[in-house]
Amino acid sequence: MTTDAASRTIARRERASAAASVADRGPARERPRFTSRRWFRIVGGALIPLALLAAWQVVSTSGAVPVSQLPSPEMVWLAAVDLAERGLLGLYVAISTQRVFIGFAFGALFGLLAGAVVGLSRLGDVLLSPTLGAVRAVPSLAWVPLLILWFGIGEDSKVILISIGAFFPVYTIVASSLRHVDTRLLEAGRAFGLRGATLFATVQLPAVVPSVIAALRLALAQAWLFLVAAELIASSMGLGFLLSDSGNSGRIDRIFLAIILLAVLGKLSDALVGLLERWAVRRSA
Amino acid sequence: MTTAPAAPATAAPAAPVALRGVGRAFTAPDGGTRDVLRGVDLDVEAGEIVAILGPSGCGKSTLLRIVAGLDHPTSGGVAIDEAPVRPYDVRCAVGFQEPRLLPWRSIEKNVALGLPRGTARRDGRAQVARLLELVGLAEFAGHRPHEVSGGMAQRASLARALARNPEVLLLDEPFGALDALTRLKMQDLLLDVHAAEPTTVLLVTHDVDEALQLADRIVLLGSDGDAPGAGIRQTVVVPGHRPRDRGSAELAELRGRLLDGLGIDRHGAARGIQATTTIPHYPY
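Residue numbers (full-length UniProt numbering), protein chains in the order written: chain A, 1 to 285; chain B, 1 to 284.
So here's chain A without its partners, still in its complex pose:
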């Protein structure tokens, strides 16, 4: 038999078996499962927040808990309107978001670089990882007095603190996932002539994309955490300032407002990383 004929016979057999396996999985244009439909996911995700809101409304208006402990949803809404009318709400949200994004950008960038150096080069690992491990062990708030002394109570010290918070999850996860890329795939890549930058771009980088995205999500959560830490301690605006100021003046409605805003903003920024994740998965998976 000629090669051509042989390969065709094989192709025909494969086609038949592939058709069989598709049939096993059911019809090709299957309706999406009930639980994965778009409207169901939106409604399902909103159920618990709405239930909580209803419970909150009932408890706060029933008088079981004094409003000084638990303000009603309406009070929180009025506090938001009041702040918005004074132009403070937008300002606080904007400045906090800006701090988080700038700090996150720098922290994640340096985290990626340091993680790549430590994960890819043995020399980098030997030189850097003990020091970075020690720095990571310092509790975040311990940096605050030092940063304030060095950079003053301005934007710099806050953004740097947030960068520190975003740096370590990215650095740790990227370094360890690069170190654990399947050595058999690496060897295959090298056997087919890949090395250095091309090996990195072809094998190592695509292999760690899912972990990098997970690291960015974690880093973003850390950035919001460190934002509040920075603003609680020394600031004149922002959501953390709103929290500490309201705490001092006993405005529990504003405390609730600040917490709700942090939850919403954190979720929205996480959704942005989710979009990035979907894009990256489409590109590389």
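Hints are computed from structural coordinates only; laboratory data are not their basis. Heads up, the beta-carbon is just placed ideally off N, CA and C, and yes, glycines get one too. Each hint should be verified, as a subset may be incorrect.
[As the list claims (entries may be wrong)] DEER-style ranges, computed between Cβ atoms:
(1) A:His180 <-> B:Ala18: 35 to 41 Å
(2) B:Arg242 <-> A:Gly133: 57 to 63 Å
(3) A:Leu205 <-> B:Glu139: 27 to 33 Å
[Claimed, not checked] Under the rule of at most 20 Å between Cα atoms (straight-line distance), these lysine to any residue pairs were calculated in the SDA-like manner:
(4) B:Lys109 <-> A:Thr202
(5) B:Lys109 <-> A:Ala197
(6) B:Lys109 <-> A:Arg217
(7) B:Lys185 <-> A:Arg282
(8) B:Lys109 <-> A:Ala280
(9) B:Lys109 <-> A:Ile42
(10) B:Lys185 <-> B:Ser149
(11) A:Lys267 <-> A:Arg217
(12) B:Lys109 <-> A:Leu185
(13) A:Lys267 <-> A:Trp279
(14) B:Lys109 <-> A:Leu186
(15) A:Lys267 <-> A:Leu120
(16) B:Lys185 <-> A:Phe200
(17) B:Lys109 <-> B:Gly124
(18) B:Lys109 <-> A:Val209
(19) B:Lys109 <-> A:Val43
(20) B:Lys109 <-> A:Lys267
(21) B:Lys109 <-> A:Ala201
(22) B:Lys109 <-> A:Gly193
(23) B:Lys109 <-> A:Arg184
(24) B:Lys109 <-> A:Leu205
(25) A:Lys267 <-> A:Pro66
(26) B:Lys109 <-> A:Gln204
(27) B:Lys109 <-> B:Arg121
(28) B:Lys109 <-> A:Ala207
(29) B:Lys109 <-> B:Glu139
(30) B:Lys185 <-> B:Arg244
(31) B:Lys109 <-> A:Phe200
(32) B:Lys109 <-> B:Glu147
(33) B:Lys109 <-> A:Val281
Using the hints, position chain B against chain A.
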């Protein structure tokens, strides 16, 4: 069949391989050294298929990795076409025991990974399409490795190795993880591919039948008694031309001898057991 035969676009000539006194010792955890290979001398002619047969753990794969430049010998050396093998030598292509395809790339792009650096994009695409046709995967070019069967992934891996247009093709138990029937089909495919592109092939296997079916010569690797490290115990020239009759009595006899060389009791006349001819002829 009116289509042109699957001829390579740019055929690299097959190259002879010479192993001279190849030895490899690994450092044991206790700091000592453990000899795996010792004094392996072997000459493979250009275009020849040589099967390396041996019991599990005898250093077959190590020998192959040394020829590919994935590992280095502690003594002796390997030359392809009289030039010593360099690390990750470009003249070799390796088909690994597992497919080792990049899971995030399509079959087509995985095969393209094997193309020599600097292949023009158009030529590369044509070459990949040709190879996918050759291994019967043209329909699955856009699939990801996890979407195809193990045998198909292994065929893609073979196509990737062929895309390199190698002077020496090194196969490390390439069909070992496949089911028995798929393995037989893959063996035939390899013979077809070799007929179309007669490159030098070194095939590591522990399957005696596979070696008899595919090889011009079979090299039996093993250690002789108490000396550590494996060497060539026996070289067998397989009679006849490929494709060989899987049921031939001559090959059956050779199989018995090779199994004996591997330390497997053949339960035959040597132990006084009558040769069985109890299978009645059809019609019963």
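Comparing the hints with the structure gives:
no., hint, result
1, A:His180 <-> B:Ala18: 35 to 41 Å, "39 Å, holds"
2, B:Arg242 <-> A:Gly133: 57 to 63 Å, "60 Å, holds"
3, A:Leu205 <-> B:Glu139: 27 to 33 Å, "30 Å, holds"
4, B:Lys109 <-> A:Thr202, "11 Å, holds"
5, B:Lys109 <-> A:Ala197, "18 Å, holds"
6, B:Lys109 <-> A:Arg217, "30 Å, violated"
7, B:Lys185 <-> A:Arg282, "35 Å, violated"
8, B:Lys109 <-> A:Ala280, "18 Å, holds"
9, B:Lys109 <-> A:Ile42, "37 Å, violated"
10, B:Lys185 <-> B:Ser149, "14 Å, holds"
11, A:Lys267 <-> A:Arg217, "10 Å, holds"
12, B:Lys109 <-> A:Leu185, "15 Å, holds"
13, A:Lys267 <-> A:Trp279, "19 Å, holds"
14, B:Lys109 <-> A:Leu186, "16 Å, holds"
15, A:Lys267 <-> A:Leu120, "33 Å, violated"
16, B:Lys185 <-> A:Phe200, "36 Å, violated"
17, B:Lys109 <-> B:Gly124, "10 Å, holds"
18, B:Lys109 <-> A:Val209, "18 Å, holds"
19, B:Lys109 <-> A:Val43, "41 Å, violated"
20, B:Lys109 <-> A:Lys267, "37 Å, violated"
21, B:Lys109 <-> A:Ala201, "14 Å, holds"
22, B:Lys109 <-> A:Gly193, "15 Å, holds"
23, B:Lys109 <-> A:Arg184, "18 Å, holds"
24, B:Lys109 <-> A:Leu205, "16 Å, holds"
25, A:Lys267 <-> A:Pro66, "30 Å, violated"
26, B:Lys109 <-> A:Gln204, "16 Å, holds"
27, B:Lys109 <-> B:Arg121, "12 Å, holds"
28, B:Lys109 <-> A:Ala207, "16 Å, holds"
29, B:Lys109 <-> B:Glu139, "14 Å, holds"
30, B:Lys185 <-> B:Arg244, "14 Å, holds"
31, B:Lys109 <-> A:Phe200, "16 Å, holds"
32, B:Lys109 <-> B:Glu147, "14 Å, holds"
33, B:Lys109 <-> A:Val281, "17 Å, holds"
Of the numbered hints given earlier, the model fails hints 6, 7, 9, 15, 16, 19, 20, 25; all others are met.
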